[in-house]
Amino acid sequence: MRGMLKRIGWELWLPIVVIVAWWVLSSGSQSFYFPPLSKIFQSFHQDWLFAHVPTDLWPSLRRLLAGFFIGTALGIVIGLILGVVRPLEVAVTPITEFFRAMPSAAILPIMVLLFGLGVEMKVAIIAFVTFFPVLLNTIDGVRALDPLLGDVAKGYRIRFMDRMLYMYLPAASPQLFAGARVAVSMSVIAMTVSEMVGTPGGMGYFVLDAQRGYAIPSMWSGIIALGILGYVLNKLFLLIENRVLSWHRGMTALQG
Amino acid sequence: MTLSTDTSSTERQPILSARSLGHAYGQRVVLQGLDFDVAAGEFLSIVGPSGVGKTTLLQCLTGLQAPTKGEVHFEGRKIGRTPPEGLAIVFQDYRSSLMPWLKVVDNVALPLKSAGVGKRERTEIAAKALAEVGLAGYERSYPWQLSGGMQQRVAIARALAFRPRAIIMDEPFASVDAQTRADLEDLVLRLKETHGITILLVTHDIDEAVYLADRILVLAGKPGRIADLIEVALPSPRDQISTKAEPEFATLRARAYTLIKQGGNVPAAARP
Chain V
3 MRGMLKRIGW
13 ELWLPIVVIV
23 AWWVLSSGSQ
33 SFYFPPLSKI
43 FQSFHQDWLF
53 AHVPTDLWPS
63 LRRLLAGFFI
73 GTALGIVIGL
83 ILGVVRPLEV
93 AVTPITEFFR
103 AMPSAAILPI
113 MVLLFGLGVE
123 MKVAIIAFVT
133 FFPVLLNTID
143 GVRALDPLLG
153 DVAKGYRIRF
163 MDRMLYMYLP
173 AASPQLFAGA
183 RVAVSMSVIA
193 MTVSEMVGTP
203 GGMGYFVLDA
213 QRGYAIPSMW
223 SGIIALGILG
233 YVLNKLFLLI
243 ENRVLSWHRG
253 MTALQG
Chain F
141 MTLSTDTSST
151 ERQPILSARS
161 LGHAYGQRVV
171 LQGLDFDVAA
181 GEFLSIVGPS
191 GVGKTTLLQC
201 LTGLQAPTKG
211 EVHFEGRKIG
221 RTPPEGLAIV
231 FQDYRSSLMP
241 WLKVVDNVAL
251 PLKSAGVGKR
261 ERTEIAAKAL
271 AEVGLAGYER
281 SYPWQLSGGM
291 QQRVAIARAL
301 AFRPRAIIMD
311 EPFASVDAQT
321 RADLEDLVLR
331 LKETHGITIL
341 LVTHDIDEAV
351 YLADRILVLA
361 GKPGRIADLI
371 EVALPSPRDQ
381 ISTKAEPEFA
391 TLRARAYTLI
401 KQGGNVPAAA
411 RP
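As they're listed, the protein sequences go chains V and F. According to my numbering, the stretch in the first sequence is residues 3 to 258, in order. According to my numbering, the stretch in the second sequence is residues 141 to 412, in order.
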C-alpha cells in the first residue's frame, strides 16, 4: 500500500509541476492563441462537463470502438489464417507492409469517395488503421508458435476450431495484444482526423470548429479532452490486457 | 476365433506393427528395414544412442509423420499422416506440450472437448485422470505453477483421459531429477497394470529401458536398424531397489549397452 502510494506520487509530480508552471506562466497572457490556463479550464468545464458529451464525445467514442473492434476482429481472423497458411502469408506480405506504412490521413480521400462523408467513412478509416498492426502481430505470433504445439494438436485430434480458439489464438495473444496496443493510439488519431472532414459532430470536429470560430479556449479544451480520451483508453486497454494475459505474466515472472 | 491362453508377449495379437519401416530426409537415410510387432498390453522400451533416429521412429509410429518406406499398422489399420484413434502421445518437452494459458484440468480436458465429450463429463474424466497421477487438488492451477515432474504428470493424465489402448512416450523423463524420474517410472508401470494399456517408451537411458520393459528394442547404427529385441524376464511388479539388484538386470543392461556401443562402430562393409 505504501509502495503504491509512493509510485503514484512519483508518477504524478511532473504533470503537476507542468500544469502549475503553465498556469503561472500563462496567467497574465494577452496572447490570443495562448490564453491563460484558467480560461482554458473554464471552457473545459463548460464544454466537457457535460454539455458536449452527448453531442461530441459519445459519437466519437462509438465510432472509435466500432472501428477498433471491426479492425481488430478482421486482423485476428485474417492473421490466424495467414499465420497458419505460410505460402499465403509470403504472398501478401509486400501488400500488408505497404498499407501498414501508409499514413491514415492519406487514405482519407479514397475513403470519402467509397463511404461518403458520414459515420461509415469514419468507422472505416479507424478500422483500417487498427487492422494492420493487429494483423501483422497476429501473423508473427502464430508463426512463432512452438511446432510441438502442432504435434499436440495433431496427436490429440484437436478440431480446427478448438485448435484456433484454445491453442493458436492464446499462443499468439501476447504479440496480438502488443499490436492492438499500438492500434489504440492509432485509432484515436484516425478518429480525430476523420472527424475533421465530413459531417459535423465528434471531438475532432469540435476542435476544428472552435479554431475556425476563433473560440481559442474551446479549441484548447477540445485538444486536452482528446488527450485525456487517448490516455484513458490506453489505461483501460492495459487493464484488459493484464487480465487476459495474466497467465503470461505469471509464467514469465516465474521463469524470470 | 478362440481366445488364446498363451500369455507370451510375442504370440498375442499385435496392436502395433512395423513392416520394413524406413525413413529418409532427402538423401540422408535415418532408419532402415525395421520390422517388429508390439503385443497388446506389452511394455516396449525403444533404446538407442542419441542421433540414431528414435524421434523419427516415434513420429512414424504415431502418424505425426509418414515414413518414406514401409508401413505401420495400429490395430490392423495402416497409419497414414494422422495419429489413429486409440493412441495417445506423451511428449518429451512438457513445457511446450502443455498449454500455459489453460488450467491443468482444461489442458487434460481439451482433447475430450474436441472429441465431443460434454463439459461436465470431460471435467469429471479429467479430474479422475489427474487424481490417478497423484495431482488431485491441482485442477485449477496453471501448468507453470507446478514442478517439472508434476507437469509431466499432467501430460500423462492428458494421455490417460484420452482413454487410449496404447500410449507412446518420447523420452518423457529426460528433463526431471532422479528421484522424480523413479517416481514417474513407477507411476507409468502402475497405469499399465491397472488399465492394460500398451506402452512404447523411447529413451536413451538403458537402465530405464530395462527396468520398465517387457521387451527392449535396441536401435543402433547409421542408418538406425534394430540391433536386437531383448526379452526382459524380470519379475513383476518391478521395484526400484530389488529389481535393479537382480543379476538378470545387470546382464540385460550389459547386453543392451554392448549392442549400442557396437552398433555405432560396426564398419559399413561388415553390416548384413
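Keep in mind the hints are simulated off the structure, nothing from the lab. Be careful, since some hints might not be right.
[As the list claims (entries may be wrong)] Pulled a few chain F residues facing chain V out of the computed Cβ check, cut under 10 Å:
(1) Asp233
(2) Leu242
(3) Asp246
(4) Pro283
(5) Phe302
[Said to hold, decoys possible] From chain V, some residues computed to sit far from chain F (all C-beta separations above 12 Å):
(6) His54
(7) Arg64
(8) Leu67
(9) Ile97
(10) Met104
(11) Glu122
(12) Leu150
(13) Tyr158
(14) Ile160
(15) Phe162
(16) Ser175
(17) Met188
(18) Ala212
(19) Ile230
(20) Leu240
(21) Leu256
In this text, a Cβ means the ideal position worked out from N, Cα and C, and glycines have one as well.
Consistency of the hints with the structure:
Of the supplied interface hints, the one on Asp233(F) holds, with its beta-carbon coming within about 6 Å of a beta-carbon of chain V, less than 10 Å. Evaluation of the Leu242(F) hint against chain V yields a held restraint, the C-beta minimum of about 7 Å falling below 10 Å. For Asp246(F), the shortest C-beta to C-beta distance to chain V is roughly 8 Å, which falls under 10 Å, so the interface hint holds. At its closest, the beta carbon of Pro283(F) sits 9 Å from a beta carbon of chain V; the interface hint therefore holds under the 10 Å criterion.
Interface restraint check: Phe302(F) against chain V, minimum CB-CB distance 7 Å, threshold 10 Å, status holds. With a least beta-carbon separation of about 42 Å from chain F, His54(V) lies farther than 12 Å from that chain, consistent with its non-interface assignment. Distance to chain F confirms Arg64(V) as a non-interface residue, since its nearest Cβ pair spans about 32 Å, more than 12 Å. Its beta-carbon lying about 26 Å from the closest one in chain F, Leu67(V) satisfies the requirement of being farther than 12 Å from that chain.
No Cβ of chain F approaches the Cβ of Ile97(V) within 12 Å, the least distance being about 31 Å, so the stated non-interface status holds. Distance check for Met104(V) against chain F: the nearest CB is about 34 Å away, which clears 12 Å, and the non-interface claim stands. Listed as outside the interface, Glu122(V) is consistent with that label: its C-beta sits roughly 36 Å from the nearest C-beta of chain F, beyond the 12 Å cut-off. The beta carbon of Leu150(V) is not kept farther than 12 Å from every beta carbon of chain F, the shortest such distance being approximately 4 Å.
Its beta-carbon lying about 4 Å from the closest one in chain F, Tyr158(V) breaks the requirement of being farther than 12 Å from that chain. Consistency note on Ile160(V): stated as away from chain F, yet its beta-carbon is not over 12 Å from all of that chain's, at 5 Å minimum. Listed as outside the interface, Phe162(V) is inconsistent with that label: its C-beta sits roughly 9 Å from the nearest C-beta of chain F, within the 12 Å cut-off. Interface exclusion of Ser175(V) from chain F breaks down, the closest Cβ pair being 7 Å apart, not more than 12 Å.
With a cut of 12 Å on Cβ distances, Met188(V) stays outside the contact zone with chain F, its closest approach being about 27 Å. At roughly 47 Å from the closest C-beta of chain F, the C-beta of Ala212(V) stays outside 12 Å, upholding its exclusion from the interface. Under the 12 Å C-beta cut-off, the non-interface status given to Ile230(V) relative to chain F holds; the minimum distance is some 34 Å. A cut-off of 12 Å between C-beta atoms confirms that Leu240(V) is not in contact with chain F; the least separation is 19 Å.
Consistency note on Leu256(V): stated as away from chain F, yet its beta-carbon is not over 12 Å from all of that chain's, at 6 Å minimum.
In the structure shown, a violation is registered for the earlier hints numbered 12, 13, 14, 15, 16, 21, in ascending order.
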